[in-house]
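Protein sequences appear in the order of chains A and B. Just so you know, we're using my numbering here: the first sequence kicks off at 64 and counts up by one. Just so you know, we're using my numbering here: the second sequence kicks off at 63 and counts up by one.
Everything labelled a hint here was simulated from the structure, so no lab data went into it. Don't be surprised by glycine CBs; every beta carbon is placed ideally from N, CA and C. Incorrect hints may have been included.
[To be verified] 20 Å max Cα-Cα, derived SDA-like pairs, lysine to any residue:
1) B:K95 x A:K307
2) B:K257 x A:R126
3) B:K239 x A:T423
4) A:K493 x B:H304
5) B:K239 x A:N491
6) A:K493 x B:A69
7) B:K257 x A:T423
8) B:K99 x A:D488
9) A:K122 x A:I100
10) B:K99 x A:P211
11) B:K96 x B:K261
12) B:K96 x A:K307
13) A:K122 x A:F202
14) B:K257 x A:N491
15) A:K307 x B:T277
[Said to hold, decoys possible] Cβ-to-Cβ under 10 Å is the rule here; a few derived chain A residues that face chain B:
16) S121
17) K125
18) P127
19) I128
20) H133
21) L306
22) K345
23) D350
24) R454
25) L490
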Amino acid sequence: MNYIDNIAFAILLIIGIGFFVKNSKKIVRNIKLGKSIDRSDLPKERFQNMLKIAFGQSKMVKRPIAGILHIIVYAGFIIINIEVLEIIIDGLFGTHRVFSVLGGFYSFLIGSFEILAFLVLASVIIFWIRRMVLQIPRFWNKEMKGWPKNDALNILYFEMVLMSLFLIMNATDNHFQNLNLGNPISQYIAILFHDSSFIVVNIIERTAWWLHIIGIFIFLNYLYYSKHLHILLAFPNTYFANLKPNGQFTNLEAVTNEVKLMMDPSADPYAAPADNAAPPEKFGASDVADLNWVQLMNAYTCTECGRCTAACPASITGKELSPRAIMMKTRDRLEEVGANIDKNGKFIDDGKQLLNDYITSEEIWACTSCNACVEECPVNIDPLSIIIDLRRYLVMEQSAAPQELNSMMTNIENNGAPWQYNQMDRLNWKDE
Amino acid sequence: MNVPTMAEMTAQGIQPDVLFWVGCAGSFDDRAKKITKAFVKILNKANVNFAVLGTEESCTGDPAKRAGNEFLFQMQAMTNIEVLNAYEVKKIVTACPHCFNTLKNEYPELGGKYEVLHHTEFLKSLFDEGKITIEGGKFKGKRITFHDPCYLGRANDIYEAPRLLIEKLEAELVEMKRCKTNGLCCGAGGAQMFKDAEKGDKEINVERTEEALDTKPNIIATGCPFCNTMITDGIKAKNQEHVEVLDIAELIANAEDL
């Protein structure tokens, strides 16, 4: 017997999964560069959120056309993967369609896969048309030039090719076609090969089979470089998402301690810090390591669909701010920091940071904190929290708020209102 | 108009059922003061045992927090909480969604735990309890569209109370294309009220006002003094001054000729 095929397959499998595991570890390490935040509470609500939003795609269908097409692709992706299990067993042990012992049920399975594969192919083609022919604006914003655009197209092409190979592989499997069970789609493709010799058809079948599984391994490893990571990260991302009201911004504990000390009449104003006191915590965020790990996971989860940007009042009115770009830039910087660590063993200052080098203050100050982006995101990403953390750094560490906001804050400090009115006049309206 | 203060009530040994948090806009802004008065007239009519803090009230700190100044926010919050706790306040109602959100969501962690209601929720409860009714239908047949304030809607998931009140007026409630969870911001949130907008090709309030005008309304209703300002400015920019911009409290007070 000839084991070359089996050995080649095993090697491919090990390389494919090995690289994926290696890169996944890098992603986990990078996410862990973020500050801690406790999201271990309310496991039941979190699990329900994940089931409803990630698994059930409840927020996707807010835009029905894209939503339903996406559900088809998603269902196809998950279900057709059962077939991949068979391919792996066949590849390793030299069997052919090992699950066919299931008889009628196998025909039912493969038949369903074929219908799904066809629907996925059709949906992906419609996605391509929406992107490239109809040119839906959210796919053509300024941040979508270059790699982000190519990345999106690569994913569509990958899926088209994989689905086509799956159908061709079935169509050219003579034994399978002769059974004429479970081939609702491929029987029509098989007609194309009726005039070809048995050997040619067999070669096409083997080629399609190999290309299909190699394609899957390549796609698996492409994820690491792509926005397509959401197929995995959507689940933890929705699980660990914020459960508090959208309007509630985080409380900075470090500030609370200082404010309490300031307001404590018995505190010693001349007290020197204890010798072993830790250096004061940085307020807000200027780089990715100042953000928390959920915010960093958000950045890896973003699939750049642009629903946030399409709903953002600042983006709609032509401001520089785009919530999607906030997430993309956060990921870009995080990957740069990760590469720095890979190269140097630990992070060596590269003279760059997230703020200014990636996200400008013009973007940050254009936000109305309206939560439209948070509401829109189909996987519960929170761009607003990043914007606010960057504002906190600008204001509390650098006193770099726009002048008008400084006036507003001075007014609040001096007279308890954002405008220059005397607090003693607060009740004048009663008699006016 | 009867507007007792917490200090006066406490001196008389009376504990009010609810504190009306007026807010900075409601206290100082000429347009918003009308909303404050309309709301007080309804409270008086319904014989609500309420009080205001008056000169003891200070900014909740909302615009400072949205601008990133956590220090100033917490200073304001802790000072206010000391006052509120000293008066043993249990329940607060406010006509400003920004005050509402901050008091409701951001004060508890700093020691200020109260039941906080937006005035549309409070007015709805007055209706439910039969303390106020609307007769005659002054707004019958009028087209009213409601602009969802972000800090009431998406921030706190309150969409129905203001709409139920509009329906009580027997008016025709017409929805904008972007409403409820999809509502478009008026442009004032996140401390934008206090600064010029960044460079762009349009003002947000104009974008929103155009959308409201698309519904051919007689009245654009809001539940936020800042939204009111922004949309009123939008109406002026579009030369459509025949369309009124009114707060829900004003609609009800007008319906009752208060």
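To see whether the hints hold, each was checked on the structure:
no. : hint            : verdict
1   : B:K95 x A:K307  : 32 Å, violated
2   : B:K257 x A:R126 : 34 Å, violated
3   : B:K239 x A:T423 : 32 Å, violated
4   : A:K493 x B:H304 : 29 Å, violated
5   : B:K239 x A:N491 : 40 Å, violated
6   : A:K493 x B:A69  : 16 Å, holds
7   : B:K257 x A:T423 : 18 Å, holds
8   : B:K99 x A:D488  : 16 Å, holds
9   : A:K122 x A:I100 : 25 Å, violated
10  : B:K99 x A:P211  : 54 Å, violated
11  : B:K96 x B:K261  : 33 Å, violated
12  : B:K96 x A:K307  : 33 Å, violated
13  : A:K122 x A:F202 : 19 Å, holds
14  : B:K257 x A:N491 : 26 Å, violated
15  : A:K307 x B:T277 : 34 Å, violated
16  : S121            : 12 Å, violated
17  : K125            : 8 Å, holds
18  : P127            : 13 Å, violated
19  : I128            : 16 Å, violated
20  : H133            : 19 Å, violated
21  : L306            : 13 Å, violated
22  : K345            : 12 Å, violated
23  : D350            : 16 Å, violated
24  : R454            : 3 Å, holds
25  : L490            : 4 Å, holds
Hint compliance for this structure: hints 1, 2, 3, 4, 5, 9, 10, 11, 12, 14, 15, 16, 18, 19, 20, 21, 22 and 23 are broken, all remaining hints hold.
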